Amino acid sequence: MLNPQLSSLIVTTEGLKNITNILNKLREDTKARYIILVEKSGQMIANVGEETPFTMPLSALVAGAFASTREIAKLVGETEFNVMYQQGKNRNIYICALKTQDLLTVVFDESPSLGIVKIKTKEVSEALSNEILAMLHKK
Amino acid sequence: MALINYSSREIHCKIVYYGTGLGGKTTNLEYVHKTLNPQIRGEMVSLNTANERTLFFDFLPLDLGSVQGFRTKFSLYTVPGQVEYNASRKLVLNGADGIVFVADSQMEKMQENIDSLKNMEENLAEYSMTLDSLPWVLQYNKRDLPNAAPLDVLERTLNTRGVRSFEAVAYKGIGVFDTLKAISKEVLNRLT
Chain A
1 MLNPQLSSLI VTTEGLKNIT NILNKLREDT KARYIILVEK SGQMIANVGE
51 ETPFTMPLSA LVAGAFASTR EIAKLVGETE FNVMYQQGKN RNIYICALKT
101 QDLLTVVFDE SPSLGIVKIK TKEVSEALSN EILAMLHKK
Chain B
140 MALINYSSRE IHCKIVYYGT GLGGKTTNLE YVHKTLNPQI RGEMVSLNTA
190 NERTLFFDFL PLDLGSVQGF RTKFSLYTVP GQVEYNASRK LVLNGADGIV
240 FVADSQMEKM QENIDSLKNM EENLAEYSMT LDSLPWVLQY NKRDLPNAAP
290 LDVLERTLNT RGVRSFEAVA YKGIGVFDTL KAISKEVLNR LT
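As they're listed, the protein sequences go chains A and B.
Note that the working numbering numbers the first sequence so that position 17 is 17, with each residue one more than the last.
Add 139 to the 1-based position in the second sequence for the working numbering, that's all there is to it.
One thing to keep in mind: the hints can contain errors.
If you anchor each label on the Cβ, the simulated ranges turn out as follows [to be verified]:
1) A:N21 x B:R148: 14 to 24 Å
2) B:R303 x A:T13: 30 to 40 Å
3) B:S146 x A:R91: 25 to 35 Å
4) A:Q86 x B:I253: 33 to 43 Å
5) A:E110 x B:T299: 55 to 65 Å
6) A:T52 x B:K173: 40 to 50 Å
7) B:D254 x A:K17: 18 to 28 Å
8) A:Q87 x B:Q178: 34 to 44 Å
9) A:R91 x B:S147: 19 to 29 Å
10) A:Q87 x B:A264: 34 to 44 Å
11) A:K122 x B:D283: 52 to 62 Å
12) A:K122 x B:K311: 50 to 60 Å
13) B:G204 x A:K89: 33 to 43 Å
Residues from chain B that keep clear of chain A, each with C-beta distances beyond 12 Å, as calculated [as the list claims (entries may be wrong)]:
14) S147
15) E169
16) P200
17) Q221
18) E247
19) D254
20) N258
21) N286
22) A287
23) R295
24) T299
25) V302
26) E306
27) Y310
28) I313
29) K320
Quick caveat, the hints were computed from the structure, so don't treat them as lab data.
Treat the numbers as computed from the prediction; the structure is a model and nothing was measured.
Note that CB positions come from ideal geometry on N, CA and C, so glycine has one too.
Could you put together the complete structure from these sequences and hints?
Structure follows, in structure tokens:
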């Protein structure tokens, strides 16, 4: 039997279903290309939207980049930066830290405005955190 | 620690290669990447400086078969070995399930190995982890060099806890998979 005490997160079928529903709704509202929920150490918890073969390296890089900004925050006298935004010519990426420190990562093109993405991700942050916390407490 | 996904029946584990600068951590991952079938390994991502030294980390995802009906997926990371990049090293250690400490066998690198090992323990302590609680193995790399320290000297100096250790010549692939097999087995044993 797997020892749940030694894992940081057990993704249950029910938990994943709830998270996927929230992410699908977020994708609908923001018209994002795809959305990935990344565990803080760089593992992917869930993803919705366009298929990409790069979810694993993307998750690792997102976690690394965000962890860097957290350290930068400390160096400039801030406790942490909650969001990170990268703007490209065709694709943008918006990363928002949940209260569990996991990372909601939204990849979108020019169609939704950044404002919409910001508001809608904030709206679902609490619910996603709660789903993750519920799975953590089930250990 | 590991992520277990009951929905997709997958276990995700993180293994970090730690050690001194130019000790062969990236070479280990490059050899694994070069040798394994693309069906079981992903693309390797390297965040390097302009002169090809690791700036943040290297990353290589692997699919290492099934255990108890779960597919096991390992993410291999290296840390930047250079002393000045300690902040980055600490970040990469976050959530590690197992560690490979790659020691440079050259006699004149002994002190650097000792310092790096001490630095690893200090960084682990920041995540409330210790070398007694986490699976880890030692790899003595560059065994082919004429100035390599004798094995018993390395063992006495670096392996005070008596963990499994492997001699390696990473660029030729010697010892690379023995090390990887040992650490992945220890990580999975800890989970089951």
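Against the structure, the hints come out as follows:
1. A:N21 x B:R148: 14 to 24 Å: 21 Å, holds
2. B:R303 x A:T13: 30 to 40 Å: 36 Å, holds
3. B:S146 x A:R91: 25 to 35 Å: Check passed, 28 Å falls within 25 to 35 Å.
4. A:Q86 x B:I253: 33 to 43 Å: With a Cβ separation near 40 Å, Q86 of chain A and I253 of chain B satisfy 33 to 43 Å, so the hint holds.
5. A:E110 x B:T299: 55 to 65 Å: With Cβ atoms ~58 Å apart, the hint holds.
6. A:T52 x B:K173: 40 to 50 Å: 24 Å, violated
7. B:D254 x A:K17: 18 to 28 Å: 49 Å, violated
8. A:Q87 x B:Q178: 34 to 44 Å: 36 Å, holds
9. A:R91 x B:S147: 19 to 29 Å: Given a distance of about 26 Å, which is inside 19 to 29 Å, the answer is holds.
10. A:Q87 x B:A264: 34 to 44 Å: Taking Cβ atoms as reference, Q87 of chain A and A264 of chain B lie about 38 Å apart, which means the hint holds.
11. A:K122 x B:D283: 52 to 62 Å: 56 Å, holds
12. A:K122 x B:K311: 50 to 60 Å: 53 Å, holds
13. B:G204 x A:K89: 33 to 43 Å: 41 Å, holds
14. S147: Since the minimum Cβ distance to chain A is about 8 Å, S147 of chain B lies within 12 Å and the statement is violated.
15. E169: 16 Å, holds
16. P200: Label violated. Min Cβ-Cβ 4 Å, cutoff 12 Å.
17. Q221: 16 Å, holds
18. E247: 32 Å, holds
19. D254: 22 Å, holds
20. N258: 17 Å, holds
21. N286: Given that every Cβ of chain A is farther than 12 Å from that of N286 of chain B, nearest at about 35 Å, it holds.
22. A287: 33 Å, holds
23. R295: Given a closest Cβ separation of 31 Å, the condition holds.
24. T299: Its Cβ never comes within 12 Å of chain A, the nearest being 25 Å, so this holds.
25. V302: Holds, since 18 Å exceeds 12 Å.
26. E306: 30 Å, holds
27. Y310: Holds: least Cβ distance 24 Å, greater than 12 Å.
28. I313: 28 Å, holds
29. K320: 20 Å, holds
Hints 6, 7, 14, 16, counting from the list given before, are not met by this structure.
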